[in-house]
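Given these sequences and hints, build the entire structure.
Number of protein chains: 2
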Amino acid sequence: MTVPREALVSVARSGEFGLIARVTARLPVGPYALLGPGDDAAVVAADDSRVVISTDVLVEGRHFRRDWSTAQDVGHRAAAANLADIAAMGAAPTALVVALCVPPGLDARWAEDLADGLGAEAARVHASVVGGDMSASPTLTIAVTALGDLEGRAPLLRSGARPGDVLAIAGRTGYAAAGYTVLSRGFRTPKLLVEAYRRPDVPYACGPEAARLGATSMIDVSDGLLADIGHVAVASGVAFDVRRDGFEIPRQMRDAAHALGVDPYTWVLGGGDDHALAATFPADVELPAPWRVVGEVRAGAGVTVDGKPYKGSPGWQHF
Amino acid sequence: MTVPREALVSVARSGEFGLIARVTARLPVGPYALLGPGDDAAVVAADDSRVVISTDVLVEGRHFRRDWSTAQDVGHRAAAANLADIAAMGAAPTALVVALCVPPGLDARWAEDLADGLGAEAARVHASVVGGDMSASPTLTIAVTALGDLEGRAPLLRSGARPGDVLAIAGRTGYAAAGYTVLSRGFRTPKLLVEAYRRPDVPYACGPEAARLGATSMIDVSDGLLADIGHVAVASGVAFDVRRDGFEIPRQMRDAAHALGVDPYTWVLGGGDDHALAATFPADVELPAPWRVVGEVRAGAGVTVDGKPYKGSPGWQHF
Numbered sequence: 001m002t003v004p005r006e007a008l009v010s011v012a013r014s015g016e017f018g019l020i021a022r023v024t025a026r027l028p029v030g031p032y033a034l035l036g037p038g039d040d041a042a043v044v045a046a047d048d049s050r051v052v053i054s055t056d057v058l059v060e061g062r063h064f065r066r067d068w069s070t071a072q073d074v075g076h077r078a079a080a081a082n083l084a085d086i087a088a089m090g091a092a093p094t095a096l097v098v099a100l101c102v103p104p105g106l107d108a109r110w111a112e113d114l115a116d117g118l119g120a121e122a123a124r125v126h127a128s129v130v131g132g133d134m135s136a137s138p139t140l141t142i143a144v145t146a147l148g149d150l151e152g153r154a155p156l157l158r159s160g161a162r163p164g165d166v167l168a169i170a171g172r173t174g175y176a177a178a179g180y181t182v183l184s185r186g187f188r189t190p191k192l193l194v195e196a197y198r199r200p201d202v203p204y205a206c207g208p209e210a211a212r213l214g215a216t217s218m219i220d221v222s223d224g225l226l227a228d229i230g231h232v233a234v235a236s237g238v239a240f241d242v243r244r245d246g247f248e249i250p251r252q253m254r255d256a257a258h259a260l261g262v263d264p265y266t267w268v269l270g271g272g273d274d275h276a277l278a279a280t281f282p283a284d285v286e287l288p289a290p291w292r293v294v295g296e297v298r299a300g301a302g303v304t305v306d307g308k309p310y311k312g313s314p315g316w317q318h319f
Numbered sequence: 001m002t003v004p005r006e007a008l009v010s011v012a013r014s015g016e017f018g019l020i021a022r023v024t025a026r027l028p029v030g031p032y033a034l035l036g037p038g039d040d041a042a043v044v045a046a047d048d049s050r051v052v053i054s055t056d057v058l059v060e061g062r063h064f065r066r067d068w069s070t071a072q073d074v075g076h077r078a079a080a081a082n083l084a085d086i087a088a089m090g091a092a093p094t095a096l097v098v099a100l101c102v103p104p105g106l107d108a109r110w111a112e113d114l115a116d117g118l119g120a121e122a123a124r125v126h127a128s129v130v131g132g133d134m135s136a137s138p139t140l141t142i143a144v145t146a147l148g149d150l151e152g153r154a155p156l157l158r159s160g161a162r163p164g165d166v167l168a169i170a171g172r173t174g175y176a177a178a179g180y181t182v183l184s185r186g187f188r189t190p191k192l193l194v195e196a197y198r199r200p201d202v203p204y205a206c207g208p209e210a211a212r213l214g215a216t217s218m219i220d221v222s223d224g225l226l227a228d229i230g231h232v233a234v235a236s237g238v239a240f241d242v243r244r245d246g247f248e249i250p251r252q253m254r255d256a257a258h259a260l261g262v263d264p265y266t267w268v269l270g271g272g273d274d275h276a277l278a279a280t281f282p283a284d285v286e287l288p289a290p291w292r293v294v295g296e297v298r299a300g301a302g303v304t305v306d307g308k309p310y311k312g313s314p315g316w317q318h319f
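Residue numbers (full-length UniProt numbering), protein chains in the order written: chain A, 1 to 319; chain B, 1 to 319.
By construction, these hints were calculated from the structure, which means they are not laboratory data. Possibly wrong hints are sitting among the right ones.
Said to hold, decoys possible - Per the computed footprint, the stretches of chain A lying under chain B, defined by three or more beta-carbons under 8 Å from a beta-carbon of chain B, are: (1) 31-43; (2) 47-55; (3) 59-73; (4) 90-99; (5) 120-132; (6) 135-144.
What the hints assert, rightly or not - Every beta carbon over 12 Å from chain A, so not counted as near; a handful from chain B, in silico: (7) Asp-39; (8) Arg-65; (9) Thr-70; (10) Arg-158; (11) Val-166; (12) Arg-185; (13) Gly-186; (14) Ile-219; (15) Leu-277; (16) Pro-282; (17) Val-285; (18) Val-293; (19) Glu-296; (20) Gly-307; (21) Lys-308.
Claimed, not checked - Partial selection, computed: residues in chain B whose CB lies under 8 Å from chain A: (22) Ser-54; (23) Asp-220; (24) Pro-309.
Everything numeric in this text was worked out from a predicted model, so none of it was measured. Every residue, glycine too, gets a C-beta built ideally from N, C-alpha and C.
Structure follows, in structure tokens:
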């Protein structure tokens with residue numbers, strides 16, 4: 001196979017400014033970008049007169065592997081991790097900036113494909129990449145910061161859950177963790193799970209929707225459902241009980257769990273990276289799909305499953 | 001000397017959430033922080049209904065060395081690099097978020113001291129650190145994103161310089177580069193230069209001031225004066241001529257240059273990291289101190305020094 005000449009341009013040969021120009025040229029400009037890349041800073045519309053901001057970093061070997069994910073996949077995931085945090089405040093994402101650290105020998109095409117993934121994921125919510133920075137580094141690292149607009153609403157915090165509320169989630173849990181396990185055992189299927197690990201499918205619009213429906217608290221499930229609602233439990237001074245039968249386990253996950261000798265609830269209750277939204281609502285709120293009730297808020301502290309302490313890992317530890 | 005027990009807690013032992021709690025507790029909350037660290041995202045005031053955003057990353061071994069700079073120094077520099085970009089748009093900085101990648105063996109105290117430096121530099125402009133992320137990584141990396149408020153003014157771009165304008169700078173150039181050279185030759189003095197490398201002294205207030213004075217373009221000098229005004233020349237479609245005699249070379253720099261066999265103008269014209277502000281103004285604007293005229297804008301393209309092409313390096317190449 002002939003490798004096109006283009007593909008052989010390394011970051012070192014392309015140079016910082018050359019690579020920035022190549023990457024920037026690929027990024028679509030969104031409606032909130034009043035001034036995009038190319039100056040000392042970008043300017044983003046903030047109609048609400050408040051801006052929501054969150055940052056999340058992905059490190060090669062820790063959060064992604066280049067042999068498991070394409071550069072576009074990594075771009076989708078890096079953007080999704082940040083955009084989900086914005087949605088979890090009940091806000092609409094508006095813009096991203098990206099700090100990219102690359103080994104000098106990295107193919108410049110990888111950085112361009114990463115930009116494509118970042119831009120495409122942002123475009124799902126009409127946000128765009130408005131700026132960035134680039135440096136050489138021995139460790140491929142992608143730090144993304146996302147902005148969002150509250151559209152006049154109060155931010156939805158972790159601290160508002162009240163005993164008697166229901167716990168509901170929108171989006172998938174356990175799919176990405178199952179995909180990760182499958183890949184780490186050397187398999188490439190089932191596609192449903194592997195693709196879920198590579199590109200989370202985040203129900204962004206459910207964030208602002210939850211705020212409109214009167215949610216009392218919200219968080220995005222990045223570390224694992226039980227770990228993340230554990231943060232809500234602490235911040236709100238309440239207890240959670242999660243019902244196993246609130247979760248539908250798809251056939252592919254059930255089959256993979258059986259084949260690999262894993263309890264699928266380890267994935268569903270403890271697996272992160274799907275970026276589902278978990279919110280609490282007063283019990284009388286009628287929740288439209290895709291929201292589904294998976295538990296309840298009680299007086300007390302801690303998180304139980306079907307009324308009992310959970311034996312498995314509640315989620316991901318970063319160190 | 002007895003090392004206090006506290007100092008022996010590594011990041012790995014402290015854990016992500018423990019370290020985040022330790023770091024967060026040290027960060028002062030600024031007036032723009034409507035919601036600080038601890039939720040999925042922070043909320044920052046954006047009275048202008050537009051927000052200025054910039055990101056800049058520092059990588060150990062490339063942008064700093066732990067034997068040359070304390071963690072507090074690195075915090076000051078990381079914040080300054082970003083806050084200067086905001087000021088260079090004519091905006092007032094409001095908030096920072098920080099993504100920190102640390103080797104698991106790093107002393108947790110280092111991260112706390114870094115936070116102190118970040119917080120202290122931000123506090124100089126009444127901004128504050130409102131959120132962050134943390135990950136393990138083989139490479140110590142600090143990605144900072146800064147926000148700013150335009151206070152009703154138009155952003156000052158690189159593209160507005162016009163033939164006939166004067167080029168003026170506020171702040172120091174060459175000090176940090178001279179300090180870097182001194183340190184790289186194994187010396188620890190002169191203190192003026194070494195300290196300038198460790199903690200830039202950025203005239204942040206001159207950014208909004210330049211906008212109020214009617215500046216036509218602005219940039220922060222991060223890569224080297226000639227390189228950076230070269231970007232303005234391209235963006236504006238003009239040429240610059242810089243006058244050597246516009247720069248006063250302090251005695252300590254002159255002495256160090258002599259001792260090390262360096263032309264001090266290599267530092268002054270080509271050295272980055274001081275984050276001076278370089279702006280163009282109509283020739284009839286009376287510029288208050290610390291602004292000083294160091295050149296002029298002409299029709300044409302490129303950057304000359306005293307009317308002639310410059311032989312030295314115009315600035316820093318990141319790869």
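These are the hints, each one checked on the structure:
Under the rule that three or more residues need a Cβ within less than 8 Å of chain B, the assignment of the segment 31-43 of chain A holds, with 8 such residues. A stretch counts as covered by a chain when three or more of its residues have a beta carbon under 8 Å from one of that chain; for the segment 47-55 of chain A and chain B the count is 9, and the coverage holds. For the segment 59-73 of chain A, the stated coverage by chain B is satisfied: 4 residues place a CB nearer than 8 Å to a CB of that chain, which reaches the threshold of 3. Counting residues of the segment 90-99 of chain A whose beta carbon lies closer than 8 Å to any beta carbon of chain B gives 5, which meets the minimum of three for the stated coverage.
Given a C-beta distance limit of less than 8 Å, the hint that chain B covers the segment 120-132 of chain A holds, as 3 residues qualify and 3 suffice. Under a criterion of three residues with beta carbons nearer than 8 Å to beta carbons of chain B, the stated coverage of the segment 135-144 of chain A is upheld, 7 such residues being counted. Listed as a non-interface residue, Asp-39/B fails to keep its Cβ farther than 12 Å from every Cβ of chain A; the least gap is roughly 5 Å. No Cβ of chain A approaches the Cβ of Arg-65/B within 12 Å, the least distance being about 14 Å, so the stated non-interface status holds.
No Cβ of chain A comes within 12 Å of the Cβ of Thr-70/B; the nearest lies about 21 Å off, and the non-interface call holds. Listed as outside the interface, Arg-158/B is inconsistent with that label: its C-beta sits roughly 5 Å from the nearest C-beta of chain A, within the 12 Å cut-off. The beta carbon of Val-166/B sits about 20 Å from the closest Cβ of chain A, which is more than 12 Å, so the claim that it is off the interface holds. Once the 12 Å rule is applied to beta carbons, Arg-185/B is consistent with being away from chain A; the minimum gap is 23 Å.
The beta carbon of Gly-186/B sits about 24 Å from the closest Cβ of chain A, which is more than 12 Å, so the claim that it is off the interface holds. Listed as a non-interface residue, Ile-219/B fails to keep its Cβ farther than 12 Å from every Cβ of chain A; the least gap is roughly 6 Å. Chain A draws Leu-277/B into its interface by the beta-carbon criterion, the shortest separation being 10 Å against a cut-off of 12 Å. Under the 12 Å C-beta cut-off, the non-interface status given to Pro-282/B relative to chain A holds; the minimum distance is some 20 Å.
In this structure Val-285/B is separated from chain A by more than 12 Å, as the shortest Cβ-Cβ distance comes to about 21 Å. Chain A leaves Val-293/B outside its interface by the beta-carbon criterion, the shortest separation being 21 Å against a cut-off of 12 Å. Separation of Glu-296/B from chain A is adequate, the least Cβ-Cβ distance of about 22 Å exceeding the 12 Å criterion. The claim that Gly-307/B is not at the interface with chain A holds, since no C-beta of that chain comes within 12 Å of its own (minimum 26 Å).
Chain A leaves Lys-308/B outside its interface by the beta-carbon criterion, the shortest separation being 25 Å against a cut-off of 12 Å. Contact between Ser-54/B and chain A, as hinted, is supported at the beta carbon level, the nearest pair being about 4 Å apart and thus within 8 Å. Taking 8 Å as the C-beta cut-off, the interface hint given for Asp-220/B holds, the closest approach to chain A being about 6 Å. The interface hint given for Pro-309/B is broken, as the beta carbon of that residue sits about 20 Å from the closest beta carbon of chain A, more than 8 Å.
Hints 7, 10, 14, 15, 24, counting from the list given before, are not met by this structure.
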